[in-house]
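There are 2 protein chains.
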Amino acid sequence: MQVMTNGNITIVKDGNVTTPIGFTAGGVHCGIKRKRLDLGYVYSDVPATTAGVYTTNLFQAAPLVVTQKSIEIDQKIQAILVNSGNANACTGDQGLQDAYTMQTEFAKILGIKDHYVAVTSTGVIGVPLPMEKIKEGIQQILQEEHSGADLFQKAILTTDTGIKNIAVQLEIDGKIISIGGAAKGSGMIHPNMATMLGFITTDAKIDYSELWDALKQITNQTFNMISVDGDSSTNDMVLVMANGKAENKTLTKEHPSWSLFIEGLKVVSESLAKQIARDGEGATKLIEVNVAGAENVEGARAIGKAIISSNLVKTAIYGTDPNWGRIVCAVGYSGVLIDPNRVSVTIGPYQVVEKGLPSQMDEAEVKKYLEQENIHIYVDLNQGEAAATAWGCDLSYDYVKINASYRT
Amino acid sequence: MQVMTNGNITIVKDGNVTTPIGFTAGGVHCGIKRKRLDLGYVYSDVPATTAGVYTTNLFQAAPLVVTQKSIEIDQKIQAILVNSGNANACTGDQGLQDAYTMQTEFAKILGIKDHYVAVTSTGVIGVPLPMEKIKEGIQQILQEEHSGADLFQKAILTTDTGIKNIAVQLEIDGKIISIGGAAKGSGMIHPNMATMLGFITTDAKIDYSELWDALKQITNQTFNMISVDGDSSTNDMVLVMANGKAENKTLTKEHPSWSLFIEGLKVVSESLAKQIARDGEGATKLIEVNVAGAENVEGARAIGKAIISSNLVKTAIYGTDPNWGRIVCAVGYSGVLIDPNRVSVTIGPYQVVEKGLPSQMDEAEVKKYLEQENIHIYVDLNQGEAAATAWGCDLSYDYVKINASYRT
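As given, the protein sequences belong to chains A and Y, one line each in that order. Numbered continuously in my numbering, the first sequence closes out at residue 408. Numbered continuously in my numbering, the second sequence closes out at residue 816.
It should be emphasised that the hints constitute simulated quantities derived from the structure, not laboratory data. Check before you lean on any hint, since a few could be wrong.
Stretch-level coverage of chain A by chain Y, calculated; a stretch enters the list once three of its residues show a Cβ under 8 angstroms from a Cβ in chain Y [what the hints assert, rightly or not]:
| hint | region |
| --- | --- |
| 1 | 120 to 126 |
| 2 | 382 to 389 |
| 3 | 392 to 398 |
Ranges of calculated distance between the beta carbons of each label pair, as one might list FRET restraints [said to hold, decoys possible]:
| hint | chain 1 | residue 1 | chain 2 | residue 2 | range |
| --- | --- | --- | --- | --- | --- |
| 4 | A | 359 | Y | 780 | 43 to 53 angstroms |
| 5 | Y | 667 | A | 131 | 54 to 64 angstroms |
| 6 | Y | 501 | A | 385 | 43 to 53 angstroms |
| 7 | A | 378 | Y | 536 | 33 to 43 angstroms |
| 8 | Y | 539 | A | 360 | 13 to 23 angstroms |
| 9 | A | 374 | Y | 501 | 29 to 39 angstroms |
| 10 | Y | 476 | A | 36 | 55 to 65 angstroms |
All values derive from a computational prediction rather than experimental measurement. Note that the Cβ used here is the ideal one computed from N, Cα and C, for glycine as well.
Full structure from sequences and hints, please.
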């Protein structure tokens with residue numbers, strides 16, 4: 001089952017949220033969408049310590065309110081119920097009531113406490129949830145034919161063109177620890193936490209405060225470093241559930257394998273973040289921007305995000321145009337105080353700017369490089385030691401097509 | 409010549425930068441672009457008190473450096489020389505030298521001091537100016553056949569689809585005061601001063617510090633409130649030249665007609681700003697967003713800009729989709745602390761959100777409204793007295809087309 005290794009971390013072939021011990025998942029079509037699966041769940045045999053990060057959008061959707069309050073009770077949940085096709089956002093008291101109904105109905109059928117069910121929704125804003133369909137779906141969702149991580153992964157998608165999953169394994173205290181993940185996200189994606197739905201499961205044993213710290217640290221390096229279109233959604237969240245079934249000694253920052261666990265969590269989060277960026281609405285390419293030589297990491301991140309968020313950079317890359325002027329322009333308006341005369345830029349292996357001035361470049365060669373699917377841009381500010389990486393995608397005709405007609 | 413009136417301010421039919429007394433203008437094709445005009449000037453019979461605002465991009469192009477330094481000497485200039493097709497940005501010492509050469513060559517032929525010539529450039533970044541062509545153009549530009557505001561207006565364009573001009577007249581101290589303007593701008597437009605080239609002329613008599621204060625105040629309400637694509641250019645500036653030829657008593661804040669003059673300047677600036685937004689790359693519609701009920705004007709502006717800058721709002725309007733969820737979403741991530749439950753949104757005459765909840769609306773009717781060319785969105789935050797207006801455009805296939813192949 002193990003096929004790729006990354007030092008002490010093994011990437012599991014076809015790994016997913018059910019790779020860790022004690023997790024199951026499934027999905028069903030309940031009728032919110034016309035044909036595709038639209039209701040999914042993840043379940044842990046035992047209550048799992050759970051940490052979450054949530055959108056910073058002030059119009060926070062009802063299920064986020066319910067999920068946050070539920071996790072606050074004893075920092076544990078045992079199941080996640082997700083619907084796609086309807087965001088249950090801007091739906092007022094009715095929306096809040098509907099989110100609670102989703103929670104209690106699923107808790108009832110699972111035979112667990114209400115507050116051990118996290119609920120979340122993604123889709124159109126401002127339309128009440130079709131609760132009869134969802135209740136019906138909940139009645140059927142645990143049936144054997146609806147079980148499987150693949151069904152869960154499909155049930156959470158909206159305009160995504162494909163599922164997003166990964167799992168890694170690593171050894172701690174002589175035990176195999178697994179960390180699995182699934183995500184959805186294609187539009188309304190911007191680095192402002194939280195910009196999509198991400199679900200991470202692990203059988204590691206870890207206390208809440210450490211899990212929360214780890215999630216927050218990793219999120220700032222991964223999920224918060226992607227952008228598709230600069231719009232931060234009302235609904236997005238990342239949850240990480242740790243059920244302890246691997247029976248390692250409880251992970252703390254003093255545990256000798258703490259950094260290995262963090263690295264494993266980072267591999268999962270970064271992979272999901274990149275899968276989301278690559279599947280950006282209408283995208284044909286994944287763009288990775290490495291910023292080095294910054295005075296501090298906040299500055300490096302802000303510059304990486306400015307480049308990855310620039311419509312002009314994104315359209316140039318779609319058009320395989322080595323228009324580096326748009327890259328330095330984005331550096332210049334990022335809000336970070338830098339000396340333009342020290343900035344160097346490389347597109348793939350080709351230096352295009354050296355210390356603020358154009359390099360000699362073979363434009364045809366750089367254009368050829370840009371025809372690839374994975375584009376790397378390297379910006380060296382040459383004014384410090386800090387670095388950051390951001391991921392995004394190109395901006396194509398299809399982005400306009402998808403978003404000019406998504407709802408109607 | 410006067411056809412439209414706006415209270416005490418008359419909009420002059422076909423008015424432009426040469427409507428005020430003592431200003432002439434012209435344009436020529438010197439060969440930077442293949443066919444179209446690419447070198448233009450504005451000239452005042454006498455040195456004119458001049459104030460400018462400049463891009464906040466740290467990669468500031470060479471001509472902006474030269475122009476700012478020149479105006480600093482005695483706050484006057486007599487001529488502006490503009491080339492299009494090449495931005496003279498990221499061109500290092502050579503670029504700076506070229507900008508100075510443009511200045512001195514034009515000053516020589518005009519017979520005025522070097523520092524009385526402002527220079528500015530717009531176009532591709534990182535390519536040295538073709539100085540032989542520009543010098544040749546300067547030799548010819550004052551010939552009678554190249555004179556006329558229409559030629560100047562054309563010579564400053566890049567991806568613009570049309571010229572942008574206006575002039576107004578008003579009476580101060582029994583004298584007719586004219587204020588004229590021209591602008592270019594289509595891409596790399598974002599509310600972060602300065603986002604395009606704007607040239608305003610007036611025959612009013614006014615001292616530098618008052619002129620500068622007026623320009624700054626007006627710019628924040630007009631040029632800084634438009635967005636096409638969120639990218640702030642390296643080159644943009646707005647200059648206002650006041651040559652005093654109308655012979656009014658010198659305008660100060662104590663002058664009884666001060667507010668009338670400010671209003672006239674605002675009409676010119678707002679008109680140019682809206683013409684730029686409407687001519688955004690690929691745009692099919694002008695979008696005006698009015699934000700009211702804010703706690704302060706900064707908050708109102710930030711929310712207006714967030715809506716006008718949202719790719720998702722812009723594509724929805726292109727697709728005539730009354731997807732108000734994207735509007736409230738942009739309000740929610742604008743960074744302004746507001747109470748979502750008080751926010752109401754109107755699209756044209758149709759209320760779509762009332763105090764955070766969807767209104768009953770006839771979707772077909774709102775869709776029909778969105779088929780118009782001028783779209784109004786009205787957001788009432790219901791939490792204060794401050795208001796602001798922002799302008800933008802929709803995001804169409806043609807934006808992608810233009811920008812995926814602009815340079816190559």
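So, going through the hints one by one against the coordinates:
1. By the rule of at least three residues with a Cβ nearer than 8 angstroms to a Cβ of chain Y, the coverage given for the region 120 to 126 of chain A holds, with 3 such residues.
2. Against chain Y, the region 382 to 389 of chain A contributes 0 residues with a C-beta closer than 8 angstroms to a partner C-beta. That does not satisfy the three-residue criterion, and the hint is violated.
3. Under the rule that three or more residues need a Cβ within less than 8 angstroms of chain Y, the assignment of the region 392 to 398 of chain A holds, with 3 such residues.
4. For the pair residue 359(A) and residue 780(Y), the beta carbons lie near 48 angstroms from each other, so the given range of 43 to 53 angstroms is met.
5. Separation of residue 667(Y) from residue 131(A) is about 57 angstroms and conforms to the stated range, judged on CB atoms against 54 to 64 angstroms.
6. For the pair residue 501(Y) and residue 385(A), the beta carbons lie near 29 angstroms from each other, so the given range of 43 to 53 angstroms is not met.
7. For residue 378(A) and residue 536(Y), the Cβ-Cβ distance of about 25 angstroms falls outside the hinted range of 33 to 43 angstroms, so the restraint is violated.
8. Checked against the hint of 13 to 23 angstroms, the C-beta distance between residue 539(Y) and residue 360(A) comes to roughly 20 angstroms, which is consistent with it.
9. Distance hint check for residue 374(A) and residue 501(Y): the Cβ-Cβ separation is about 37 angstroms, which falls inside the suggested range of 29 to 39 angstroms.
10. The hinted window of 55 to 65 angstroms between residue 476(Y) and residue 36(A) holds, with their beta carbons roughly 58 angstroms apart.
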